[in-house]
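Visitor: Sequence:
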Amino acid sequence: MRSTKAVATSMFVLVLAGTLLAWPFRQYFAGGLLFAACSAALVGALADWFAVVALFRHPLGLKFIPHTAIIPNNRDRIIEGIISIVKDDWLSLDFIKAKINEFSLIDGLASTLESENGRRELERLIQSTAATALSELSPGDMAHFVQLLLADNLEKINLPPRLVEQLEKLVKNLYADDLIRILLNWAMAATSGDEFERIVKRTLTRAAADYSNQGNFIRRIGKSLGESLDVLNYDEAARVLSHRINSILAEAQKPDNHYHIKIKTELQQLQIANPDEAALMLTTLLKNLAENETGRKAVTEFFSVFKAQFLSDQEQDMPMTRYLTNMVIEQINQIRQDEERKNNLELRIKTEITGLLEHYHFVIGNIVKENLEGLDDAGLVISLEAKVGDDLQWIRINGTVIGALVGMLQYLILRLV
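When the count follows this note's numbering, it moves up by one through the sequence shown with no breaks and lands on 431 for the last residue.
It is worth saying that the hints were derived from the structure and are not from the lab.
Some clues are possibly wrong.
In silico lysine to any residue, SDA-like type, Cα no more than 20 angstroms apart, as pairs [stated by the list, open to error]: (1) Lys383 to Ala36; (2) Lys401 to Pro86; (3) Lys111 to Ser98; (4) Lys268 to Ala203; (5) Lys111 to Asn357; (6) Lys311 to Asp155; (7) Lys215 to Lys276; (8) Lys276 to Asn260; (9) Lys401 to Gly95; (10) Lys364 to Ile381; (11) Lys111 to Leu361; (12) Lys401 to Ala68; (13) Lys111 to Gly369; (14) Lys19 to Leu398.
Modelling step: build the complete structure from the supplied sequences, incorporating the hints.
Guide: The structure is reproduced here in structure tokens:
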């Protein structure tokens with residue numbers, strides 16, 4: 015707006031200077047033509063400047079001139095008018111309903127999810143929702159809920175073999191790395207601390223004792239001398255060995271580690287020999303989980319590990335997120351291909367949206383009203399001037415140009431007549 019205002023003001027100064035300079039030469043044709051053009055342009059520029067300024071404030075501070083500072087003096091009427099235009103014309107209930115009915119929700123959603131950005135946004139939504147839910151859930155409460163759910167449905171629990179096969183594929187293809195990581199975390203927790211070192215020490219001590227007892231006199235003498243001279247230091251050996259085991263487990267968590275690759279290869283080569291027996295075993299396991307405290311502790315530990323693993327890795331590409339995203343996209347595409355199912359679902363969704371819209375349409379007017387009423391007179395003037403000020407300055411420019419053309423035309427007509 016500033017550049018346009020500068021142009022309009024410069025043109026005003028230019029025609030004012032032209033009027034003054036042409037005044038002494040107005041009796042000549044060229045001087046008269048220039049004087050007529052500049053004087054008429056000056057009148058047009060002044061009139062339009064007054065009109066533009068009068069919208070927002072009193073020109074030259076002259077408050078006695080009627081119908082000036084129109085916007086501040088009619089603030090309430092303007093606000094009500096804007097609310098009415100937005101609510102009843104631009105975003106009327108009928109208009110929004112028509113736009114909703116025109117739009118194909120399922121096709122639009124499916125097309126959006128076909129793009130990389132759409133898929134990424136869906137993954138981000140699923141991951142954010144899951145992370146929020148998990149952060150609020152207590153593993154103990156979840157275990158209690160699962161145990162109650164299983165207990166209430168003990169007679170109905172009967173896993174089909176087909177489900178077991180699907181679970182096997184899911185674990186192998188989707189969760190191999192995560193399952194290995196969880197198992198390694200458990201192993202690292204179990205092999206850390208003084209208790210594990212004591213177990214290793216007892217194992218080494220027994221192995222050394224068995225070695226000497228099953229051998230000849232030389233073995234027993236060698237063991238005794240080694241212990242006496244502190245060559246066989248079981249404490250140090252247990253500490254070094256436990257630390258080494260922990261280091262190997264930590265390194266094995268990396269996907270490119272050869273131990274990790276070997277474990278994953280072996281896991282993917284495993285195959286359930288008898289799905290029926292496996293389904294029966296899992297069914298029995300689920301029933302046992304529901305019937306004792308040990309089962310509750312196991313479920314609590316599982317949810318604790320899963321929660322910690324998910325929340326710590328939520329910035330990464332999680333398999334669960336990919337799986338749920340693929341499942342959602344697949345379901346939407348299936349609905350999209352079934353015309354009857356798609357139309358019924360769209361009708362239900364649009365009916366719900368329309369019902370909510372009819373109930374809350376008044377909120378649009380309230381939002382506009384709250385935003386506008388938050389502005390005082392000066393704030394309203396600044397806001398409107400920022401939006402339409404550039405166009406208003408063009409009124410001044412056009413008035414100057416049209417005034418000059420009219421002045422020249424009038425001069426030529428009078429001169430020729």
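Visitor: Check the hint pairing lysine 401 with glycine 95 against an upper bound of 20 angstroms on the C-alpha distance.
Guide: holds (17 angstroms)
Visitor: Lysine 276 and asparagine 260: Cα distance at most 20 angstroms?
Guide: OK: lysine 276 and asparagine 260 at ~18 angstroms, within 20 angstroms.
Visitor: With the threshold set at 20 angstroms, check whether the alpha-carbon distance from lysine 111 to asparagine 357 stays at or below it.
Guide: With a Cα-Cα distance of about 17 angstroms, the restraint between lysine 111 and asparagine 357 holds, given a limit of 20 angstroms.
Visitor: Between the alpha carbons of lysine 111 and serine 98, is the straight-line distance 20 angstroms or under?
Guide: holds (18 angstroms)
Visitor: Would the pair lysine 364 and isoleucine 381 pass a check requiring their Cα atoms to be no farther apart than 20 angstroms?
Guide: Distance ~24 angstroms between lysine 364 and isoleucine 381 Cα, so the pair is violated.
Visitor: Given the hinted pair lysine 19 and leucine 398, is their alpha-carbon gap at most 20 angstroms?
Guide: holds (15 angstroms)
Visitor: With a cut-off of 20 angstroms on the C-alpha distance, tell me whether lysine 401 and alanine 68 pass.
Guide: Measuring from Cα to Cα gives roughly 17 angstroms; hence the hint holds.
Visitor: Given the hint that lysine 111 pairs with glycine 369, test it: the Cα-Cα distance must not exceed 20 angstroms.
Guide: holds (10 angstroms)
Visitor: Can the restraint linking lysine 111 and leucine 361 be considered satisfied, given a maximum Cα separation of 20 angstroms?
Guide: holds (13 angstroms)
Visitor: Just to be careful, I want the Cα atoms of lysine 311 and aspartate 155 compared with a cutoff of 20 angstroms; is the pair within it?
Guide: holds (11 angstroms)
Visitor: So if I understand the rule, the pair passes when the alpha-carbon distance is 20 angstroms or less; does lysine 268 with alanine 203 pass?
Guide: holds (17 angstroms)
Visitor: When you check the alpha-carbon spacing of lysine 401 and proline 86, does it fall within 20 angstroms?
Guide: holds (16 angstroms)
Comparing the model with each earlier hint shows violations of hints 1, 7 and 10; every other hint is respected.
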